[in-house]
Amino acid sequence: MKVQPVFKPTTAQPETADPLQAARALGELLGRTPELRAYLNALKAVNHDPAVRKLSAQMRACQSAIQWGKDVARNAAESERLEAELEALPVIQSYHKDEAAIRRILLAVDEIVSREAGVDFAANAKRSCCG
Amino acid sequence: MNLSPEIEHAARVLGQALRDQEATRLYLEARRSVETDSEAVALEKEMYATYEALIARQQAGEQIPRKEVEAFYAIRDRLFSDPLVMERESALKPLKSLFLETAEEISAPLGVDYTNLAKKG
Chain A
1 MKVQPVFKPT TAQPETADPL QAARALGELL GRTPELRAYL NALKAVNHDP AVRKLSAQMR
61 ACQSAIQWGK DVARNAAESE RLEAELEALP VIQSYHKDEA AIRRILLAVD EIVSREAGVD
121 FAANAKRSCC G
Chain B
132 MNLSPEIEHA ARVLGQALRD QEATRLYLEA RRSVETDSEA VALEKEMYAT YEALIARQQA
192 GEQIPRKEVE AFYAIRDRLF SDPLVMERES ALKPLKSLFL ETAEEISAPL GVDYTNLAKK
252 G
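Protein sequences, first through last, are from chains A and B. With my numbering as the guide, the letters of the first sequence map in order to residues 1 to 131. With my numbering as the guide, the letters of the second sequence map in order to residues 132 to 252.
What the hints contain is simulated information worked out from the structure, not anything from laboratory work. The reader is advised that the hints may include incorrect statements.
Claimed, not checked - Just the calculated beta-carbon pair ranges, DEER-fashion:
hint: 1; chain 1: A; residue 1: 51; chain 2: B; residue 2: 177; range: 19 to 29 Å
hint: 2; chain 1: A; residue 1: 91; chain 2: B; residue 2: 137; range: 30 to 40 Å
hint: 3; chain 1: A; residue 1: 48; chain 2: B; residue 2: 160; range: 21 to 31 Å
hint: 4; chain 1: A; residue 1: 76; chain 2: B; residue 2: 205; range: 31 to 41 Å
hint: 5; chain 1: B; residue 1: 201; chain 2: A; residue 2: 37; range: 45 to 55 Å
hint: 6; chain 1: B; residue 1: 189; chain 2: A; residue 2: 61; range: 48 to 58 Å
hint: 7; chain 1: B; residue 1: 244; chain 2: A; residue 2: 51; range: 46 to 56 Å
hint: 8; chain 1: B; residue 1: 205; chain 2: A; residue 2: 128; range: 20 to 30 Å
hint: 9; chain 1: B; residue 1: 201; chain 2: A; residue 2: 91; range: 45 to 55 Å
hint: 10; chain 1: A; residue 1: 45; chain 2: B; residue 2: 136; range: 29 to 39 Å
hint: 11; chain 1: A; residue 1: 68; chain 2: B; residue 2: 197; range: 54 to 64 Å
Idealized CB from N, CA, C, for every residue including glycine.
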């Protein structure tokens with residue numbers, strides 16, 4: 001039987017740290033999780049998949065046609081059909097599964113950071129859209 | 132969700148470090164001041180309730196009468212001219228800058244946008 005190493009924080013209470021250093025340390029730990037690695041691999045697979053590229057290009061063409069008011073109803077229906085085809089691809093389904101797994105981790109992390117900080121973290125860390 | 136003890140600890144350390152920053156302390160203080168002002172609390176509640184109701188009707192395809200839109204803006208202007216609310220909103224700006232910079236430090240080693248993946252909904 002293998003004894004698992006026990007993680008021992010140096011103090012019972014979290015020590016005060018520089019937030020940027022603490023953030024980088026957290027990022028490095030998260031970056032080593034199998035869920036993040038799986039997500040990045042899935043993302044790469046999606047970006048390099050020929051079927052995804054083809055369907056995405058066709059969808060962009062439909063969207064562009066819609067924007068120019070060209071055969072709107074037909075292009076909207078075609079865009080919807082292409083999207084359904086894209087979503088059914090195994091590479092996309094696998095991507096969604098891996099994305100959900102890493103999101104669960106990051107949501108749990110964000111809950112802890114927010115609780116300790118006393119303010120919602122990710123919600124307030126967004127770049128403003130209005131300058 | 133079960134996080135590893137290392138990640139859980141690192142998240143706590145980060146949260147604590149953020150709470151110890153002046154920007155967070157000032158914001159929390161300003162937020163508490165608003166929370167003690169029952170008139171401001173009621174007005175804010177009314178503003179969000181009105182906003183959500185108008186958005187729901189608009190999304191359902193209704194053209195909102197100008198009078199109702201103006202009534203909403205009047206509530207909003209009254210709320211945001213309250214000195215305590217103004218102080219809170221002004222304290223929110225440096226807090227957001229701090230949080231944004233901090234989130235970018237998490238994202239760098241991840242190679243993906245932490246904020247985008249950690250958002251609810």
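Range hint compliance [Cβ, residue 76 (chain A) to residue 205 (chain B), 31 to 41 Å]: Between residue 76 (chain A) and residue 205 (chain B), where Cβ atoms are some 39 Å apart, the hint holds.
C-beta pair residue 68 (chain A), residue 197 (chain B): status relative to the range 54 to 64 Å that was hinted: violated, 32 Å
Outcome of range test on Cβ distance (residue 201 (chain B), residue 91 (chain A); 45 to 55 Å): Roughly 51 Å apart at Cβ, these two residues keep to the hinted range, so it holds.
Residue 51 (chain A) and residue 244 (chain B) - C-beta distance against the hinted 46 to 56 Å: The hinted range 46 to 56 Å is violated for residue 244 (chain B) and residue 51 (chain A), with Cβ atoms some 26 Å apart.
Beta-carbon spacing of residue 201 (chain B) to residue 37 (chain A) - inside the hinted bounds 45 to 55 Å or not: holds, 53 Å
Supplied distance hint 48 to 58 Å, evaluated on CB atoms of residue 189 (chain B) and residue 61 (chain A): violated, 31 Å
Outcome of range test on Cβ distance (residue 48 (chain A), residue 160 (chain B); 21 to 31 Å): violated, 51 Å
Pairwise beta carbon distance, residue 45 (chain A) to residue 136 (chain B), judged against the given window 29 to 39 Å: holds, 31 Å
Residue 137 (chain B) and residue 91 (chain A) - C-beta distance against the hinted 30 to 40 Å: At 32 Å between Cβs, range holds.
Range hint compliance [Cβ, residue 51 (chain A) to residue 177 (chain B), 19 to 29 Å]: violated, 51 Å
Range agreement (Cβ of residue 128 (chain A) with Cβ of residue 205 (chain B), hint 20 to 30 Å): holds, 25 Å
Hint compliance for this structure: hints 1, 3, 6, 7, 11 are broken, all remaining hints hold.
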